[in-house]
Amino acid sequence: MSLIWIVGLVFFLAFLAPFIDKRLGKVSGYLYALLPAALFVLLIRLLPAIIDRHFIVRSIDWFPLLHVRLSFYLDGLSLLFGLLITGMGTLVLIYSGYYMQHYPMRGRFYFYILLFMGAMLGLVLANNLITLFVFWEITSFSSFLLIGFNHERPEARAAALQALLITGFGGLAMLAGFVLLGNVGGSYELTDLLQNGAVVKSSKMYVPLVLLIMVGAFTKSAQFPFHFWLPGAMEAPTPVSAYLHSATMVKAGIYLLARLQPILGGTDLWQFSLGLAGAMTMLVGAYFAFTQTDLKKILAYTTISALGMLVLLVGMGTELAITAMVIFLIVHSLYKGALFMIAGAIDKTVGTRDIRHLGGMWPVMPIAAVATFLTLFSMAGLPPFLGFIGKEVIYDAKVQAPQIAVYLAILAVTANIFMVAVAFLFGHGVFFGKRKDPPKIPKEPAIPLLIGPAVLSVTSLFMGIYPAIITQPLVMPAIDAVNASPVDLHMKLWHGLNLVFLLSVITITLGLTLFFFRKRATKALRKFNQRYFKIEFTDLFRRLVENFLSFTKRHTEVVQHGYHRFYLMLIFIVSSLLVWYQLYHTRGWGFQANWEEIPFYLLGISLLIITSAIGAVFTRSRLVAIVLLGVIGYAMAFIFILYGAVDVAITLILVETLILVLFVMVIYHLPGYMPKYSRPASRIRDGVIAIVFGGFMTALVLKAEFIKLSPPISDYFLKEAFTKGHGRNIVNVILVDFRGLDTMGETVVLVIAAIGVISLLKLKPKKKEEEE
Amino acid sequence: MSNPYSNIFRMAATKLRPLLLILSLVVLYRGHQQPGGGFIGGLMAASAYILYALAFTSAEARKKLPLSTSALLASGLAVILVSALLSVFSGEPFMTGMWTTVHLPFGQELHLGTPVLFDLGVYLAVTGVLLTIMFDIIEIE
Numbered sequence: 001m002s003l004i005w006i007v008g009l010v011f012f013l014a015f016l017a018p019f020i021d022k023r024l025g026k027v028s029g030y031l032y033a034l035l036p037a038a039l040f041v042l043l044i045r046l047l048p049a050i051i052d053r054h055f056i057v058r059s060i061d062w063f064p065l066l067h068v069r070l071s072f073y074l075d076g077l078s079l080l081f082g083l084l085i086t087g088m089g090t091l092v093l094i095y096s097g098y099y100m101q102h103y104p105m106r107g108r109f110y111f112y113i114l115l116f117m118g119a120m121l122g123l124v125l126a127n128n129l130i131t132l133f134v135f136w137e138i139t140s141f142s143s144f145l146l147i148g149f150n151h152e153r154p155e156a157r158a159a160a161l162q163a164l165l166i167t168g169f170g171g172l173a174m175l176a177g178f179v180l181l182g183n184v185g186g187s188y189e190l191t192d193l194l195q196n197g198a199v200v201k202s203s204k205m206y207v208p209l210v211l212l213i214m215v216g217a218f219t220k221s222a223q224f225p226f227h228f229w230l231p232g233a234m235e236a237p238t239p240v241s242a243y244l245h246s247a248t249m250v251k252a253g254i255y256l257l258a259r260l261q262p263i264l265g266g267t268d269l270w271q272f273s274l275g276l277a278g279a280m281t282m283l284v285g286a287y288f289a290f291t292q293t294d295l296k297k298i299l300a301y302t303t304i305s306a307l308g309m310l311v312l313l314v315g316m317g318t319e320l321a322i323t324a325m326v327i328f329l330i331v332h333s334l335y336k337g338a339l340f341m342i343a344g345a346i347d348k349t350v351g352t353r354d355i356r357h358l359g360g361m362w363p364v365m366p367i368a369a370v371a372t373f374l375t376l377f378s379m380a381g382l383p384p385f386l387g388f389i390g391k392e393v394i395y396d397a398k399v400q401a402p403q404i405a406v407y408l409a410i411l412a413v414t415a416n417i418f419m420v421a422v423a424f425l426f427g428h429g430v431f432f433g434k435r436k437d438p439p440k441i442p443k444e445p446a447i448p449l450l451i452g453p454a455v456l457s458v459t460s461l462f463m464g465i466y467p468a469i470i471t472q473p474l475v476m477p478a479i480d481a482v483n484a485s486p487v488d489l490h491m492k493l494w495h496g497l498n499l500v501f502l503l504s505v506i507t508i509t510l511g512l513t514l515f516f517f518r519k520r521a522t523k524a525l526r527k528f529n530q531r532y533f534k535i536e537f538t539d540l541f542r543r544l545v546e547n548f549l550s551f552t553k554r555h556t557e558v559v560q561h562g563y564h565r566f567y568l569m570l571i572f573i574v575s576s577l578l579v580w581y582q583l584y585h586t587r588g589w590g591f592q593a594n595w596e597e598i599p600f601y602l603l604g605i606s607l608l609i610i611t612s613a614i615g616a617v618f619t620r621s622r623l624v625a626i627v628l629l630g631v632i633g634y635a636m637a638f639i640f641i642l643y644g645a646v647d648v649a650i651t652l653i654l655v656e657t658l659i660l661v662l663f664v665m666v667i668y669h670l671p672g673y674m675p676k677y678s679r680p681a682s683r684i685r686d687g688v689i690a691i692v693f694g695g696f697m698t699a700l701v702l703k704a705e706f707i708k709l710s711p712p713i714s715d716y717f718l719k720e721a722f723t724k725g726h727g728r729n730i731v732n733v734i735l736v737d738f739r740g741l742d743t744m745g746e747t748v749v750l751v752i753a754a755i756g757v758i759s760l761l762k763l764k765p766k767k768k769e770e771e772e
Numbered sequence: 001m002s003n004p005y006s007n008i009f010r011m012a013a014t015k016l017r018p019l020l021l022i023l024s025l026v027v028l029y030r031g032h033q034q035p036g037g038g039f040i041g042g043l044m045a046a047s048a049y050i051l052y053a054l055a056f057t058s059a060e061a062r063k064k065l066p067l068s069t070s071a072l073l074a075s076g077l078a079v080i081l082v083s084a085l086l087s088v089f090s091g092e093p094f095m096t097g098m099w100t101t102v103h104l105p106f107g108q109e110l111h112l113g114t115p116v117l118f119d120l121g122v123y124l125a126v127t128g129v130l131l132t133i134m135f136d137i138i139e140i141e
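Chains as they are written, first to last, in the UniProt record's numbering: chain A, 1 to 772; chain B, 1 to 141.
Think about it this way: if two alpha-carbon atoms lie no more than 25 Å apart in a straight line, the pair counts; the simulated DSS-like pairs of lysine-lysine are:
#1 A/K348 <-> A/K434
#2 A/K26 <-> A/K348
#3 A/K762 <-> B/K63
#4 A/K348 <-> A/K436
#5 B/K15 <-> B/K64
#6 B/K64 <-> A/K762
Just so you know, the hints here were simulated from the structure itself, not pulled from any lab data.
Required output: the full structure, derived from the provided sequences and hints.
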């Protein structure tokens, strides 16, 4: 089956979801899980081919003129991500089947989350940079909708907007970077660019394009200083946090960096920037996780820390570092997805997810407790879990890093000490200690809520004991894709007594120490935070946005003041002055007129028009003025008929009639006679503007005949209207065929105008009390 | 409310509405060959209903409409989009004109193509726009 279908099917189901939900009700949630499950199996079956390096490329033209192709590429890295997306997706949808069952607008939720799933699959399978960008933006957008899903909550709306603004800003920067990369590398196809890494690296545009793409990846993957949208995103329903904001979407940035590592990586700029951002993020995340009290916030900060670790590893770029990156990616998705699901399950059954109100839960929910501890051990990096292997490889990579090994090792150990402490804090705070005062009576969470954590924790344990199972088929091809050279890898649980193992022991011991002194430590750290980390990034960002908005508002108000008459005046004055200046400049005053050729009836019509115009200006009655304007219109239509423009004449007559009716309707609501609203001064001003503008139009029309810049296109239309347009009415053929796109746009504008009228007339302004 | 309108006007509006509608459709169809087209047709169709609304009330006129005014707007745009996309589905660039001839009994021929469909969309949208604006203004209290 083609890769395009994998993505297309998910989108298709997404659009059907609201209707299926209406028909089937609550059970529909479980049904959706079948699709990612099927895709998971499908991807597994593609594994052997990928291991043999038979990569799959499929593409169709999209915008051939712009070299944008809807092309897809499956290699080890995209396959790994594809498996994560579909596998986690299956579990999360089963979980949502129960979690979301009583939510209003459930169908919409499934629409959003499936839309995300399709976009994320498209993102990791895309071979074309522009295709990748489009899917990237769809993930940002669906993330926005899902964070703000409980849209009655102002916090949720604010968090959603914040996430959208930051990731959207990053996405635009990334697009600029992609365009540069495409120009420098000579193609938008990743498969081509992978061959051209040297050319890109030596080009002058290398620095700007790397920086721009990094901004995209960093915002998406919540790297410092863009990290703060992720804790805010915890406003989303928990299945969303488990899926988008820990296992998949936030890893899109990592994916992008890993994908481009063979093209852009290896330079000082790359290593330094990724290393710095990653290390900062890793420390900041781990540090702030320790002092949180909301379970989901704790997990969000540890996710930030993990993302920092991943970026750091991609930046190092050694074979070992990439290996560590790939393994840690799997490890983290497994344990973090599980922990989020558990946090949600506890929230659902107990009614709170504040760790200060929880405790002593293990006797009432033993299954949840076991699943939690299995995953926490993996997170803390204890043997025999996959997390242990992950941590070992990370330490190994850092210890063997050239030059800066010591610093990197210290950083990684520090962050991991906090991780260990947080893991124990989480488990102990929820399941041991004294039972506090939860809002609901605790009981074992429902089975569907536990399936996900159980599967994930057992997988993590199983993979830790038999690491070879994931090494050969999963990890190796992925490393191969990033490193662009074949690797040989043997993962083991037990490496023997060496420096790396020693670091592991130190980490766990210090982590446990920190856990045992948690009361004193958190108190001290909170005090420290209050004194030195007073800056709230969220507030800072909100103020930035507000200031920007008020700035633009002030400046827009100068130009867009909302007074219709001043807009018209400005347009009239500027356009006529420009033309008058040009006429004066070129001394193009003279024009020829052949008075004898003008037939007498035209003179009569002109006289009628002039008289009506003068009458319209001086009459005191609105009705008379409008009827006189109508007379002018009809007289003009007559001129059109005389010169054979029947179409224009018919249209003009109809429009004049309808405008007359419209005006009469409006006049009905106005006083019958025009009192002197305007002062003589402004009447004179208006008169001057009118004469100048009228003169300008006259001059323009008279001169237009003499200006021939290029052969007129009307000859072409005359010649081709019947052969190509199948019509003898050239005006109509131009409107609906030759210039059909213009007409399409004009029709849309008309419809928008009508909607504008509806909103002006039908929607009553709210009363003051309602607004407040 | 007693009847403030002239009976002659009312009778004229009632009889003219179908006539104007048929005329508008004729103008729409023949627009490609002779003076006419979707825009003019739409103006005529709208006048038929505006006349009716002036003779009776806008509510009565709305009742006579086969579609609501907003549905007219939407269907107009939809028809335009379909006419433009038909060529895409047969592998041609967006908005390529495609033509076919339908043979009717009595030796008549209907020459139909996507530009005619496009014009129908314009017709519907223009009718919708005018009626939306007119009815809303008539209904100002």
